[in-house]
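Chains as they are written, first to last, in the numbering used here: chain X, 1 to 283; chain R, 284 to 563; chain A, 564 to 842.
These are computed hints drawn from the structure, not numbers from a lab. Every clue listed holds true.
SDA-like, lysine to any residue: derived pairs with alpha carbons at most 25 Å apart:
no., chain 1, residue 1, chain 2, residue 2
1, A, 619, A, 782
2, X, 84, R, 328
3, R, 555, R, 535
4, X, 89, R, 326
5, A, 839, R, 327
6, A, 597, X, 94
So the derived label-pair ranges between C-beta atoms look like this:
no., chain 1, residue 1, chain 2, residue 2, range
7, A, 740, R, 352, 43 to 49 Å
8, X, 62, A, 613, 40 to 46 Å
9, A, 824, X, 14, 34 to 40 Å
10, A, 824, X, 58, 31 to 37 Å
11, A, 725, R, 428, 50 to 56 Å
Covered, in the sense of this in silico footprint (three residues per stretch, anywhere, with C-beta under 8 Å from a C-beta of chain X), are these stretches of chain R:
no., segment
12, 360–370
13, 397–409
14, 468–477
Glycine included, every Cβ here is placed at the ideal spot set by N, Cα and C.
Each chain is listed here by its residues.
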Amino acid sequence: MLGITVFGLLILLLISAGLVYKSLPVIRQQSLHDLIFTSSWKPSKGHFGFLTFILSSIHVTMIAILIALPLSLFSAIYLSEYAKEWVKKLMSPAIDLLSGIPPVIYGVWGTLTIVPWISDSLAPHFVEFSTGYSVLAGGIVLAIMIIPLIISILMEVFAAVPLEMREVSLSLGATKWQTIKRVLLLKSLPGVLAAVILAISRAFGETIAVLMVCGNFTDVPKSIFDACYPLPALIANNYGEMMSLPIYESALMFAALLLFVIIIIFNAVSRLILNHITRRYQL
Amino acid sequence: MEINLKRYQDTMETDPVNVRSGPVSLTKLSYPLLRVVDLNVTIQHKHILKNINLQIPEKSITCIIGPSGCGKTTLLRSLNRLHDDNADITISGSVMVDNEDIYGKNVEVTHIRKKMGLLAQRPTVLPMSIFENVAYGPRIHGTRNRRKLYVIVKNQLEAVGLWEEVKDRLKTPAIKLSIGQQQRLCLARGLAVHPEIILGDEATSALDPIATTKIEQLFLTLRKEYSIVLVTHTLRQARRIADYVAFMYMGELIEFGSANDIFSNPQHQLTKDYISGSFS
Amino acid sequence: MRKLEEQIMKIVMLMASGIIIFILGFILWKIISKGLPSLNWDMVSKTPSGGFYLGKEGGILNAIMGSLMLIFCSVVISIFLSLPVALYINFILNRKSFASGVIRFAFDIMFGIPSIVYGAFGFMIMVFLGLQASLLGGIIAVSLLIMPIMVRSIDEVAGQVPRDLLEAPLSLGATRFEMVKIAARQITPGITTAILLSVGRGIGDAATVMLTAGFTDSIPTSLLQPAATLPLAIFFQLSSPVEEVQNRAYSAALILTIIILILSFSTRYVSRKISKSKI
Chain X
1 MLGITVFGLL ILLLISAGLV YKSLPVIRQQ SLHDLIFTSS WKPSKGHFGF
51 LTFILSSIHV TMIAILIALP LSLFSAIYLS EYAKEWVKKL MSPAIDLLSG
101 IPPVIYGVWG TLTIVPWISD SLAPHFVEFS TGYSVLAGGI VLAIMIIPLI
151 ISILMEVFAA VPLEMREVSL SLGATKWQTI KRVLLLKSLP GVLAAVILAI
201 SRAFGETIAV LMVCGNFTDV PKSIFDACYP LPALIANNYG EMMSLPIYES
251 ALMFAALLLF VIIIIFNAVS RLILNHITRR YQL
Chain R
284 MEINLKRYQD TMETDPVNVR SGPVSLTKLS YPLLRVVDLN VTIQHKHILK
334 NINLQIPEKS ITCIIGPSGC GKTTLLRSLN RLHDDNADIT ISGSVMVDNE
384 DIYGKNVEVT HIRKKMGLLA QRPTVLPMSI FENVAYGPRI HGTRNRRKLY
434 VIVKNQLEAV GLWEEVKDRL KTPAIKLSIG QQQRLCLARG LAVHPEIILG
484 DEATSALDPI ATTKIEQLFL TLRKEYSIVL VTHTLRQARR IADYVAFMYM
534 GELIEFGSAN DIFSNPQHQL TKDYISGSFS
Chain A
564 MRKLEEQIMK IVMLMASGII IFILGFILWK IISKGLPSLN WDMVSKTPSG
614 GFYLGKEGGI LNAIMGSLML IFCSVVISIF LSLPVALYIN FILNRKSFAS
664 GVIRFAFDIM FGIPSIVYGA FGFMIMVFLG LQASLLGGII AVSLLIMPIM
714 VRSIDEVAGQ VPRDLLEAPL SLGATRFEMV KIAARQITPG ITTAILLSVG
764 RGIGDAATVM LTAGFTDSIP TSLLQPAATL PLAIFFQLSS PVEEVQNRAY
814 SAALILTIII LILSFSTRYV SRKISKSKI
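For reference, chain X alone in the conformation it holds in the complex (with noise of 0.2 Å):
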């Protein structure tokens, strides 16, 4: 048994070794500043920038975020705190199914419903054209998809906080909105924060269903409503360049290594201010 783990631990190291490890070639052809802050992308010419792919992730998080939190945080208040039992026993399947759905679900349903309801509909009132295929519908199959996500873990932590403190501040003459607003959401923001930022990574993380709704055009995007080119869609659209050009294989691979870094940073960090914030105020 001992043996067996210390070969899963193995698998992570081998997993940034490798990766750090094939990505050197492109490294060491460019300056690892150049690689991450240009945004032109020329392969044939064996220049590589990846700014556009990691700001096009970052935007397309971002909506995702904005709109999911909000969604995900009224509807966690209110099948924890006011919900009757036989709404939640008929909600919570729901969102088990809905964080079942596999990635390519939401593309295919994207790419039917939101695309073309984005060419048609929303965008003529803001821009003269978009195809559909834009961040915007990135930001909605993605916000959808860590939906379930932050309402279950929300969920668990309302549930943690105990009785006795909701019912100190109904004992007082407050309002359930205002227990809700003054403690409950005060107490649990430690786990408010852990949901959000596991949200993000996720987000940040997802491949097909973005890749079939984002446009995957390397320009940097003007509006919400152009073509956007997510940093795992880069690496998922031109594997099969891969076998033609070494030095390309070697800027996909920093690519996926960019991605690792990024999410495994952005956890620790996120996991580091969690613990301050839950050490200082003694929540």
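With the hints as your guide, set chains R and A onto chain X.
What follows is chains R and A alone, placed relative to chain X:
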């Protein structure tokens, strides 16, 4: 939520605000009487409280005693409608406060609860600073003026004897206080909304003897202005501080009377047995 | 005033919950309405003929079989790797010990790695071993993907085993290994849940198989042949100009959704049995 307390501490010396440490004068009705009329409470089809009829005298301490499981806590929590959110509970009968049935049709629950301060068994401080804990009640009822809040907090902390101990760390998290201090803080918090009645649910059972004595002393002081109803788990505490005693057994109110009467001359056999220690 | 705020917020909350339920219904309805018309016996029993992208005849048997074969092998391999780890950090090591925490932390990191990174890593291994796009490549990538899910899932259940159950056999003279066997039997429903969850994740994931398993019209007869999978069947055939091919994509989507539905309800059923039989 951050308040510059130093500033207000200074102004207090030179600019005193008219302050009372007791409840707002009860001009509307004559007696803050608490009357329980034919109260029946069923929890998940189990008849927990059976036809309780009880009158709580004003400005005194009434202790509810009885063996565990007799329904004392259920009764207490029915008095400020804390059972409202529990779907498994059915309540019939009425509880009259200021001649108003708190279970009546158009009653505003938050208004009722403001009249009663509840001190729970385990001190539960809110996840905020000491200051904010006491200020919570006034805040949710609309008081926003920082000066007013400071004055209220100071008065209530003084009333429970905490002021000297915490005046230099009002902004620190309340959870850092000792359990005894926390319970006094909870009392101050409850008093800050100027209730008429104080309810205590075994309020000292989690505390050490010294802290318990402090709280009991506070109750003795407070009874000059409030009606206090305490569920107590030990006969000793009832003997120490009760003015009136209500004895409950298996969901029924067996006997009620002044502490003297009950302890020296109980009428009911069950009461006699319980007081003599035959069962607990 | 306060009452008004409460009423408004209640409406907001109801709306939020309603929107979410509505979206779920919308998604399911769309998938069913697009996929059901084309779902017939032919669809599930034949492989596409004339090339999966343009060929009008045939069905998605290639993808169904490919996915089933792939997930089966991956689960077997993954269980063989994950169960020992979960048992080790719970029953051999003290659950609260530093080592146990470190290992758990490492697997938490792996849990958070996006599937495309597992795909890329799988690709790296394939190149290293000299493999072409194949069933075996897909199995490697998916096994790695689901291993942290299994470890975490079993770990959660294993943590709920009461200490007495662990100490009793030892005090009767059993070896550590025998004690672990007893504990493992106790958490069998938890292991079942872990498997169900992993299947759900693994069967629907496109990014891992995209870079490793390839795609083909036929059912693989050896581990070294490329394998079609349901997610890729959807992805590749959705954008085809030929309507019949698109219909294959929709049917694949419907079948995948049905599989997930079954898995979801099975997981709930098993979970309920776990909580009922708790000591």
